[in-house]
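Enquirer: Line order of the protein sequences matches chains A and B.
In this note's numbering, each residue carries its 1-based index in the first sequence increased by 15.
In this note's numbering, each residue carries its 1-based index in the second sequence increased by 148.
Incorrect hints may have been included.
[What the hints assert, rightly or not] The calculated lysine to aspartate or glutamate pairs, modelled on EDC-like cross-linking and capped at a C-alpha distance of 16 Å, are: (1) B/Lys274 / A/Glu33; (2) A/Lys49 / A/Glu66; (3) A/Lys49 / A/Asp70; (4) A/Lys49 / B/Asp289; (5) B/Lys263 / B/Glu162; (6) B/Lys224 / B/Asp258; (7) B/Lys178 / B/Asp258; (8) A/Lys85 / A/Asp40; (9) A/Lys49 / B/Asp240.
[What the hints assert, rightly or not] Derived DEER-like restraints, expressed as beta-carbon distance ranges: (10) B/Asn169 / A/Asn34: 34 to 42 Å; (11) B/Gln161 / A/Gln100: 56 to 64 Å; (12) A/Leu50 / B/Thr277: 22 to 30 Å; (13) B/Ser272 / A/Ser21: 21 to 29 Å; (14) B/Thr223 / A/Gln64: 31 to 39 Å; (15) A/Leu63 / B/Asn175: 38 to 46 Å.
If you are wondering where the hints come from, they were derived from the structure by calculation, not from laboratory data.
These numbers come from a predicted model, not from an experiment.
All C-beta atoms in this analysis are idealised placements derived from N, C-alpha and C, irrespective of residue type, glycine included.
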Amino acid sequence: MFDLGSGSVGAVNIMTSENGGLSNDQIADMLANKLIYISDDAPEPIRLQAEAFRDRVRNLAQYYIELARKEERASICAKVREAGQIELANAIGRL
Amino acid sequence: MAIAQAMCTAFKQELMLGTHNFATNGNAFKIALYAEGSGGKSSTTATLGATTTAFVTTGEVASSGTYATGGGTLTKVAPTTSGTTALTDFADISFTTATITAMGALIYNDTNSNKAVAVLDFSSNKTSTSGTFTIQFPTADASNAIIRIA
Numbered sequence: 016m017f018d019l020g021s022g023s024v025g026a027v028n029i030m031t032s033e034n035g036g037l038s039n040d041q042i043a044d045m046l047a048n049k050l051i052y053i054s055d056d057a058p059e060p061i062r063l064q065a066e067a068f069r070d071r072v073r074n075l076a077q078y079y080i081e082l083a084r085k086e087e088r089a090s091i092c093a094k095v096r097e098a099g100q101i102e103l104a105n106a107i108g109r110l
Numbered sequence: 149m150a151i152a153q154a155m156c157t158a159f160k161q162e163l164m165l166g167t168h169n170f171a172t173n174g175n176a177f178k179i180a181l182y183a184e185g186s187g188g189k190s191s192t193t194a195t196l197g198a199t200t201t202a203f204v205t206t207g208e209v210a211s212s213g214t215y216a217t218g219g220g221t222l223t224k225v226a227p228t229t230s231g232t233t234a235l236t237d238f239a240d241i242s243f244t245t246a247t248i249t250a251m252g253a254l255i256y257n258d259t260n261s262n263k264a265v266a267v268l269d270f271s272s273n274k275t276s277t278s279g280t281f282t283i284q285f286p287t288a289d290a291s292n293a294i295i296r297i298a
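Construct the entire structure; sequences and hints are all you get.
Expert: Pasting the structure below:
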């Protein structure tokens, strides 16, 4: 018998939220997980270094995701205020 | 186990028959979510695994938010190779403003008679409440990609 290999299915990651969208932290985690995979059987010094790098990437991503959302809210606020919906604009600004 | 992660056996055969085309301009693939116990549309638990041959409605979660029964259409990433492994990938998919509890999912070929591709086991119930339910596919490499043939 010739065994030419096998087919495999990868493990998905599920992220859920309540009463709103995903948080900045969740999105940053998703980005870091997708960008940097660290094998469980990597030698410990390499694994630790890789984990430290992944943490830095994750924290940087988290910062810029937060900034992007804040800036988008500011743009939405300005448009809503221009349309005369001052209270709604203020509510969006407080998010 | 009612939902067991597997590449469906029928899918392996159908690959040899040229039934599935994962090219970006190929077949349309969907992902449907399933509950165990009473979380689905009916109280019947989904039974999914290697022997699953096609999409089934039993145990599928109900429509909620942007999730409609039958599941969401996946955005394909063209198949490629890494070393001696062939692999394909999908873009992450999110269902928003949805109240969903799911234990697993089925990827199936919406173009070709809803033929099953793979069963995904989430290990535990995952719940969104008036929120977002996101499925993030693994890194598309030889060790992790969602569908790999080594």
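Enquirer: Would you mind marking each hint as holding or not holding in the structure?
Expert: These are the hints, each one checked on the structure:
no.	hint	verdict
1	B/Lys274 / A/Glu33	holds, 12 Å
2	A/Lys49 / A/Glu66	holds, 13 Å
3	A/Lys49 / A/Asp70	holds, 13 Å
4	A/Lys49 / B/Asp289	holds, 11 Å
5	B/Lys263 / B/Glu162	holds, 9 Å
6	B/Lys224 / B/Asp258	holds, 13 Å
7	B/Lys178 / B/Asp258	holds, 6 Å
8	A/Lys85 / A/Asp40	holds, 14 Å
9	A/Lys49 / B/Asp240	holds, 10 Å
10	B/Asn169 / A/Asn34: 34 to 42 Å	holds, 40 Å
11	B/Gln161 / A/Gln100: 56 to 64 Å	holds, 59 Å
12	A/Leu50 / B/Thr277: 22 to 30 Å	holds, 29 Å
13	B/Ser272 / A/Ser21: 21 to 29 Å	holds, 26 Å
14	B/Thr223 / A/Gln64: 31 to 39 Å	holds, 34 Å
15	A/Leu63 / B/Asn175: 38 to 46 Å	holds, 43 Å
Against the hints set out earlier in the document, no violation occurs for any number.
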